[in-house]
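Q: Residues per chain, in single letters:
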Amino acid sequence: MKHFEYADEKISEKEILIVIPSTLIGIGILSLPAELAGYTTAADGWVAIAVSGILIIFVVWLISKVAASFPNQEFITYASALVTKPVATVLTILFSLEGVFICTYVVRVISDIAEEYLFDRTPVEVIGLAFLLTVVYAVSGSRAGLFRLNMMFLPIISFIMFLVTVFSFGLFEMDNFFPVLKTDMSGYVQGIRASTLSYIGFYILFFYIALVRKPEKTPKMAALGMGMTVLIYLITFIISIGVFGNITASNLIFPVIEIAKEVEVPGGFFERFDSIFFVIWIMAIFNTMCMAFDVTVFSLKSVFPVKKIKLIFILSPIIFFLSMFPASYYEVEKFGSFISHYGVTLVLTTMILLTVALKIKGVKKRG
Amino acid sequence: MLGEPGDLDIRELSLDEEKHNYALAYLDGMVDKDLVNKGIIKNLQIISEKKDLPADKKELIDEIKNNIISVSSVEKTAEWDDMTIDLLGGSTVLFIDGVAEALVMNTVEFETRSIEEPESEALIRGSREGFVESLQTNMVLVRRQINDPNLRFKMHRVGRRSKKNLAVTYVEGIVHPDILKEINRRLETIDMDDAPESGFIEQWIEDSFLSPFPQMDNTERPDKVAAAILQGKVAILLDGTPYVLVAPTTLENHMVSPEDYYERWLIGTLLRVLRYIAAFIAMFAPSLYIALISYHQGMIPSELAFSVAATREGVPFPAFVEAIAMGVTMELLREAGARLPKAIGQTIGIVGGLVIGEASVSAGIVSPVMVVVTAVTAISSFSIPSYSAAISFRILRFGFMFAAAFLGLYGIVIVYIMINIHIVNLKSVGVPYAAPFAPGFLYDWKDLVLRVPVPMMTKRPEHMQTKDSRAGNKGGSST
Numbered sequence: 001m002k003h004f005e006y007a008d009e010k011i012s013e014k015e016i017l018i019v020i021p022s023t024l025i026g027i028g029i030l031s032l033p034a035e036l037a038g039y040t041t042a043a044d045g046w047v048a049i050a051v052s053g054i055l056i057i058f059v060v061w062l063i064s065k066v067a068a069s070f071p072n073q074e075f076i077t078y079a080s081a082l083v084t085k086p087v088a089t090v091l092t093i094l095f096s097l098e099g100v101f102i103c104t105y106v107v108r109v110i111s112d113i114a115e116e117y118l119f120d121r122t123p124v125e126v127i128g129l130a131f132l133l134t135v136v137y138a139v140s141g142s143r144a145g146l147f148r149l150n151m152m153f154l155p156i157i158s159f160i161m162f163l164v165t166v167f168s169f170g171l172f173e174m175d176n177f178f179p180v181l182k183t184d185m186s187g188y189v190q191g192i193r194a195s196t197l198s199y200i201g202f203y204i205l206f207f208y209i210a211l212v213r214k215p216e217k218t219p220k221m222a223a224l225g226m227g228m229t230v231l232i233y234l235i236t237f238i239i240s241i242g243v244f245g246n247i248t249a250s251n252l253i254f255p256v257i258e259i260a261k262e263v264e265v266p267g268g269f270f271e272r273f274d275s276i277f278f279v280i281w282i283m284a285i286f287n288t289m290c291m292a293f294d295v296t297v298f299s300l301k302s303v304f305p306v307k308k309i310k311l312i313f314i315l316s317p318i319i320f321f322l323s324m325f326p327a328s329y330y331e332v333e334k335f336g337s338f339i340s341h342y343g344v345t346l347v348l349t350t351m352i353l354l355t356v357a358l359k360i361k362g363v364k365k366r367g
Numbered sequence: 001m002l003g004e005p006g007d008l009d010i011r012e013l014s015l016d017e018e019k020h021n022y023a024l025a026y027l028d029g030m031v032d033k034d035l036v037n038k039g040i041i042k043n044l045q046i047i048s049e050k051k052d053l054p055a056d057k058k059e060l061i062d063e064i065k066n067n068i069i070s071v072s073s074v075e076k077t078a079e080w081d082d083m084t085i086d087l088l089g090g091s092t093v094l095f096i097d098g099v100a101e102a103l104v105m106n107t108v109e110f111e112t113r114s115i116e117e118p119e120s121e122a123l124i125r126g127s128r129e130g131f132v133e134s135l136q137t138n139m140v141l142v143r144r145q146i147n148d149p150n151l152r153f154k155m156h157r158v159g160r161r162s163k164k165n166l167a168v169t170y171v172e173g174i175v176h177p178d179i180l181k182e183i184n185r186r187l188e189t190i191d192m193d194d195a196p197e198s199g200f201i202e203q204w205i206e207d208s209f210l211s212p213f214p215q216m217d218n219t220e221r222p223d224k225v226a227a228a229i230l231q232g233k234v235a236i237l238l239d240g241t242p243y244v245l246v247a248p249t250t251l252e253n254h255m256v257s258p259e260d261y262y263e264r265w266l267i268g269t270l271l272r273v274l275r276y277i278a279a280f281i282a283m284f285a286p287s288l289y290i291a292l293i294s295y296h297q298g299m300i301p302s303e304l305a306f307s308v309a310a311t312r313e314g315v316p317f318p319a320f321v322e323a324i325a326m327g328v329t330m331e332l333l334r335e336a337g338a339r340l341p342k343a344i345g346q347t348i349g350i351v352g353g354l355v356i357g358e359a360s361v362s363a364g365i366v367s368p369v370m371v372v373v374t375a376v377t378a379i380s381s382f383s384i385p386s387y388s389a390a391i392s393f394r395i396l397r398f399g400f401m402f403a404a405a406f407l408g409l410y411g412i413v414i415v416y417i418m419i420n421i422h423i424v425n426l427k428s429v430g431v432p433y434a435a436p437f438a439p440g441f442l443y444d445w446k447d448l449v450l451r452v453p454v455p456m457m458t459k460r461p462e463h464m465q466t467k468d469s470r471a472g473n474k475g476g477s478s479t
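For the protein sequence lines, the chains are A and B, in the order given.
Residue 1 is where the first sequence starts when you use my numbering, and the numbers rise one by one after that.
Residue 1 is where the second sequence starts when you use my numbering, and the numbers rise one by one after that.
Derived from the structure by calculation, the hints contain no laboratory data.
Watch out, some of these pointers could steer you wrong.
[What the hints assert, rightly or not] Below 25 Å or equal to it, Euclidean Cα-Cα: the simulated SDA-like pairs (lysine to any residue) are:
1) Lys10(A) / Trp445(B)
2) Lys310(A) / Lys181(B)
3) Lys214(A) / Lys467(B)
4) Lys308(A) / Met457(B)
5) Lys261(A) / Val308(B)
6) Lys14(A) / Leu442(B)
7) Lys14(A) / His422(B)
8) Lys310(A) / Leu426(B)
9) Lys261(A) / Lys467(B)
10) Lys301(A) / His422(B)
11) Lys217(A) / Leu442(B)
12) Lys14(A) / Met457(B)
13) Lys261(A) / Ser302(B)
Please take these sequences and the hints and turn them into a complete structure.
A: Structure below.
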């Protein structure tokens, strides 16, 4: 049934709207409130999230604008047209490296959290391997299937987030929100840097817009999806501060999971809501990793003409061994911060390169 | 002819004072004897006495066909194979000495079961008619539900030996042509000796034979088939079975019962919610028990944890063994109950439910909580309307139990994600199995968990991509 409209590998712009929050909401959001609380006083971190959010929304809009001006063309094709073939190839490989790093980081962190909140005896390797194999299974399926998975899980994830938010209202202490706007300038700068880094992941747009059937509306949809993400980040930050206060929040590793531990679910069914929350959150992290893995496979495939399944089988052992490499939580965090810096630098460079090139070539055309 | 079986009757007669000899062949028991006697033999005898028949043999056969025989369907053919198939199907064949052609008259009549209430899909409110084994009757039942000039029956013959009739039923102008084309294409690839039940057809043409999920609906209810056809689906009726296949289907379709629509929308919605909860329990209850007892005792509220621990005291097995033992016992009871005659079946229920449950608890083999979990699981899986979907949930339940035994809640989520991966990649005749959840069709959510009032359901489901999207329940019959 080739000509039946569902079967093809194209996606609609609605799916771009879904894929951005699905990819971005994962691990970063769990720890960001702690980091932000460290840089800012009281609840001022929201300014940092909002400012960097608006910045990133603009970036996302620009990326999709550039990508959408070459409808149904892959990244390597339009990048070659703009900045020559060798540069485009190097960029693609650098992006796939970022994808591999993200996957590595995700596998490691999910194993660590699971060990912390679910079991203490099961070895980290087993947890990580089970997760990785699930992702491999998903990525070896159809690409349209991955977008559908995002669509299946996003409502569940939003629902559990909503529950945590609602239940946490009872634990708010208004004093935690004062004083307002007393952070110094360097604190804001640090905060904006931290939250910008946690948004990394939207680079998938460079690649996936090629799949959109009619990309005219995608910039709007992508910006909207990014807006949703920023909103959810804001909410998590505010409830973290409201429940714990600035100082406690900055000392926790994953404030959001800790909130889930604190809240009391009416009815007394669950003693520890944090386990439930984390179990559901695995789906969010799964979505993040799926998209990162798939975009890596997608981009590598455009450079090396190898079968998809071969790429997956080459990449997954690499990811697994890299992820088990760091010995301590401190090393994992260092690795995480390296990934973010590397990613943001790469995305911004590419964006500037492509936009400038598009402007110059555009001018040329008119002249 | 045909090896002269015992039920083949050949009646030799002569016409017009021995000028023409003719022979009638039919299978005894397959034809309406009354019709053969009055409509064919009697007419031939009376008319041949009164009227001069044409001497030319060619004209004679046309004369007989057009003016003499009073049977509603008469065909002239020279093909021996066609004749044989029709004869085996219950037609009467008239041969005339010296003519290369023969007349095939449709005189089929045989004993069939009368229309009864479908046993496998009982409803409190709704039509009591169920399909029977005769294809003709079944086609009539569908036709009576949909009096539309665009209702079509496309006939196929399946079975190398049995040559069973099969009707692909749809409404022209609603169904997406590609779905129809694909179903017909798949049906034409069927190559087997016999298709005793529509299950054979289903297994031959389904999209993935590795999937635990049924990719086609089967039903005994004409009203259900009619509703499906009007949603742009295709029904496959096979001669010899009351089970009709409906394709394409989605996971959500298996959670729907016609009664959801026959009762008012509030009741329908509540029933749907209840059923989704039932599906959740049927799949997850035993595995959650295992995970909570063996890995995450801290998640159970303290008081409950104490009482569960107290009841489990003295049970020598880990929760997983306990759950598997009870699960297998439950499946055995169900299987035994299904195979035995009805009267004894009830005894099995009593023996199983009361005696085994009670005795195994007091013997200290399982804990009472486990018995409760097993019972609730069984009841929940009975309340899923589609039998084939309920079976696949049962299979998956054991998968979840193993996952929970190895990795607790984490394992359950991993397996849940895997099942979702499978579902989003699965298709039923080209339609995504997870529709309308993903790909999302917001309009179709009106009839998903929430079942909106009937006047609001003005369009056919979008995920079926019907050609005519308006369901037309505002125009009534004025068209």
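Q: So, for every hint listed, does it hold in this structure?
A: Hint by hint, here is what the structure shows:
1. Using a Cα cut-off of 25 Å, the hinted pair lysine 10(A) and tryptophan 445(B) holds, with the two alpha carbons roughly 23 Å apart.
2. This hinted pair does not check out: lysine 310(A) and lysine 181(B) have alpha carbons roughly 35 Å apart, beyond 25 Å.
3. For the proposed pair lysine 214(A) and lysine 467(B), the alpha carbon gap of about 22 Å is at most 25 Å, so the pair holds.
4. For the given pair, lysine 308(A) sits about 43 Å from methionine 457(B) by alpha-carbon distance, which is inconsistent with the 25 Å threshold.
5. Only pairs whose Cα atoms come within 25 Å are accepted, and lysine 261(A) paired with valine 308(B) is accepted, the gap being roughly 23 Å.
6. The hinted pair formed by lysine 14(A) and leucine 442(B) meets the criterion: a straight-line CA distance of about 12 Å does not exceed 25 Å.
7. Pair hint lysine 14(A) plus histidine 422(B) holds up; C-alpha atoms about 22 Å apart against a cutoff of 25 Å.
8. Pair hint lysine 310(A) plus leucine 426(B) holds up; C-alpha atoms about 22 Å apart against a cutoff of 25 Å.
9. Restraint check for lysine 261(A) and lysine 467(B): the C-alpha separation of about 52 Å exceeds 25 Å, so the hint is violated.
10. Distance restraint check for lysine 301(A) and histidine 422(B): the Cα-Cα separation of roughly 24 Å lies within the 25 Å cut-off, and the hinted pair is therefore satisfied.
11. Only pairs whose Cα atoms come within 25 Å are accepted, and lysine 217(A) paired with leucine 442(B) is accepted, the gap being roughly 19 Å.
12. For the proposed pair lysine 14(A) and methionine 457(B), the alpha carbon gap of about 24 Å is at most 25 Å, so the pair holds.
13. Straight-line distance between C-alpha atoms of lysine 261(A) and serine 302(B) comes to about 15 Å, which keeps the hinted pair within the 25 Å bound.
Hints 2, 4, 9, counting from the list given before, are not met by this structure.
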